[in-house]
Amino acid sequence: MPDVRTVATHCPYCALQCGTRLTRERRGVSVRPTDFPVNQGGLCQKGWTAPSLLDVADRLRHPMVRRDGELVPVCWDIALDTIATGLDRIRAERGPDAIGVFGGGGLTNEKAYLLGKFARLALGTSQIDYNGRFCMSSAAAAGTAAFGLDRGLPFPVTDLGGADVVLLAGANPAETMPPLMQHLRSPELIVIDPRRTATAEQAALHLQPLPGTDLALALGLLHIAVVDGYADTRYIAERTSGFDAAWQRAMSWWPERVERVTGVPVTEQRQAVRMLAEAGSAYVLSGRGAEQHSKGVDTVSGFINLALALGLPGRPGGGYGCLTGQGNGQGGREHGQKADQLPGYRMITDQAAREHVAEVWGVRPEVLPGPGRSAYELLDALGTEDGPSALLVFGSNPVVSAPNAAHVTDHLKALDLLVVADFVPSETTELADVVLPVTQWAEEEGTMTNLEGRILRRRRLQVPPGHARSDLEVLHGIATRLGEPGHRYPTRPREVFDELRRASAGGKADYSGISYERLDSGEALHWPCPDGEHPGTPRLFLDGFAHADGRARFVAVEHREAGDVPAEVFPLTATTGRVLAQYQSGAQTRRVAELNDASPEAFVEVHPDTASRAGLAEGARARVTSPRGSTVATVRLVPTMRTDTVFLPFHFPGEGRANLLTSGALDPRSRMPEFKVSAVRLEPEVSAP
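Numbering (the working numbering), first residue to last: 4 to 692.
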């Protein structure tokens, strides 16, 4: 397919998937925002600079194979033959589960779907998961438990603009998805965040709990809603179940107890509930701050319980939603690259689901492996006696983004074969035995699903440079070398999507009525969309929830301590997150000059009193140490920080990796790691003599 001059597509970054128009000009590619509903003519700094990704100087252009310790360019046949030979040997020696696959939430729907199919059929392995396990999995599990269905926002983003009040629990959209803020200008905002973020600065009320105590706060807010008479008893009786059990847990979380545990004053707790309850239209939204905990599912359930008690979900002008993070964080978790799922958001242990997908794939159901390890557990098992000795990584940089990063890096180094497919070098490609150059957003066709569950067309502007290929071609090339029939792994995105539609038919995330033709005609299609005449479902739950009885479920939850608790040796709590100018592991944004100039290095936000006690001043180099490791960052004095808390962004490599601090403590249901709480100490960095 040749280059074109201009194309309508979407931003390559966050889950808003802002509408853009790309144009090839003599001086390069320009971008203009479109009047797409989520961004309405706006873009953030990352969106405006996205075309710079197309011209990065160190773009991967040729396959590379490690020889005598060095990565050297080779042709595609040699690279793919090397991979297939290694996989065949490992599988013959140790079985199919000796091979792991690690995907990404930025892959298109087509790539995510074919990657899951490739893992389970071509490799025969159960060992597949993806980095979205680190992002939205707790909210997904909580939403499924409460509503019978997980879709980030069960309503369009534009509905938020008509709200009177919006509560944001652990979300900072002013930095992580700035175009969303234009929809939050009219509502009064309640922000729950340990930091005084850019979003909190715009809030009518900012609740600033100790990291790891969000669930105690959610229980306390539910307590106030019930005791102070704000609960919608008719809604609870007619549209929900499980309230009594949830209330039994919240009953003991009176406001004064909550203040002692969280540090949030009683007056602010009561004000938050009163604002939500007295609003004519209100929403409760969660982000990573509420989710990335070893009790993340329960924490999100706590906020959903509050929304249900106030009668918000499933009504026009109200509800609960999750602000999905990665570009295809929604679609990426629907089509089979998760350890426990098959396409259509089907569970891999469901026999009917296995039979349906097996029929679409042309195999017997018993051929499909069962559930595998979750993302961190997969990385933790690499190179061990019963874990994979080979790993294929698509669209992820776990050396920087995984928790307990030094430990994960050691396990990656222990592999017999590490294959990484990406479009730029990363800290993970530096360890690889084979590196495969693949296409990026403006060089490929496909679909993405944004946080609203709206399916969007990604369109190709130009051909990729050098010898880069699409991930679909890569999967086809490896599969056929492993003896699989080529027709089973199409290389044309439209053909893959048509198969995805059939595989998703009848599932929770039903795409069967969606086609490229409908999308290209301009139809706004949100799943579920079960047939070609169906208009899609922009608003879920108005006529009932997705449980068999049509009722939403309260979930009884109880607060518990984080995996790390501050003590004498590690007296502070470190929390991690994103900043405006960087994205995820930073492998892309650190290569964009304008973005890197705005945020060029790792830093740690510290209250001036805390810094003074540690002998640190503004701009000093600090060493932050946890039980797992230490990182070095530049001190930023922030008077609005809690004195018991420090903050570090996780976008930076090397000794600036915030995830050298974080632990492998996992939520028992979502298997989400605890990124948001690490016990640490702070001290000056001593330079080597």
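Treat the hints with caution; some may be incorrect.
[Said to hold, decoys possible] Cβ-Cβ distance ranges computed for the label pairs, FRET-style:
id, residue 1, residue 2, range
1, Glu362, Thr9, 25 to 35 Å
2, Pro374, Val466, 31 to 41 Å
3, Pro611, Gln185, 52 to 62 Å
4, Glu561, Thr270, 19 to 29 Å
5, Arg624, Gly44, 48 to 58 Å
6, Thr88, Ser615, 56 to 66 Å
7, Asp552, Ser615, 54 to 64 Å
8, Val568, Glu204, 22 to 32 Å
9, Gly127, Arg273, 31 to 41 Å
10, Asp80, Gln185, 48 to 58 Å
11, Thr270, Asp534, 12 to 22 Å
12, Gly44, Ser615, 26 to 36 Å
13, Pro268, Arg237, 30 to 40 Å
14, Ala60, Pro687, 28 to 38 Å
Since the hints were derived computationally from the structure, they do not count as laboratory data. Just so you know, these numbers come straight off a predicted model, no measurement behind them. Using N, Cα and C, we set each Cβ at its ideal position, and we do this for glycine too.
Cross-check of the supplied hints:
no.	hint	verdict
1	Glu362 with Thr9: 25 to 35 Å	42 Å, violated
2	Pro374 with Val466: 31 to 41 Å	39 Å, holds
3	Pro611 with Gln185: 52 to 62 Å	34 Å, violated
4	Glu561 with Thr270: 19 to 29 Å	25 Å, holds
5	Arg624 with Gly44: 48 to 58 Å	42 Å, violated
6	Thr88 with Ser615: 56 to 66 Å	60 Å, holds
7	Asp552 with Ser615: 54 to 64 Å	58 Å, holds
8	Val568 with Glu204: 22 to 32 Å	30 Å, holds
9	Gly127 with Arg273: 31 to 41 Å	57 Å, violated
10	Asp80 with Gln185: 48 to 58 Å	50 Å, holds
11	Thr270 with Asp534: 12 to 22 Å	53 Å, violated
12	Gly44 with Ser615: 26 to 36 Å	46 Å, violated
13	Pro268 with Arg237: 30 to 40 Å	32 Å, holds
14	Ala60 with Pro687: 28 to 38 Å	36 Å, holds
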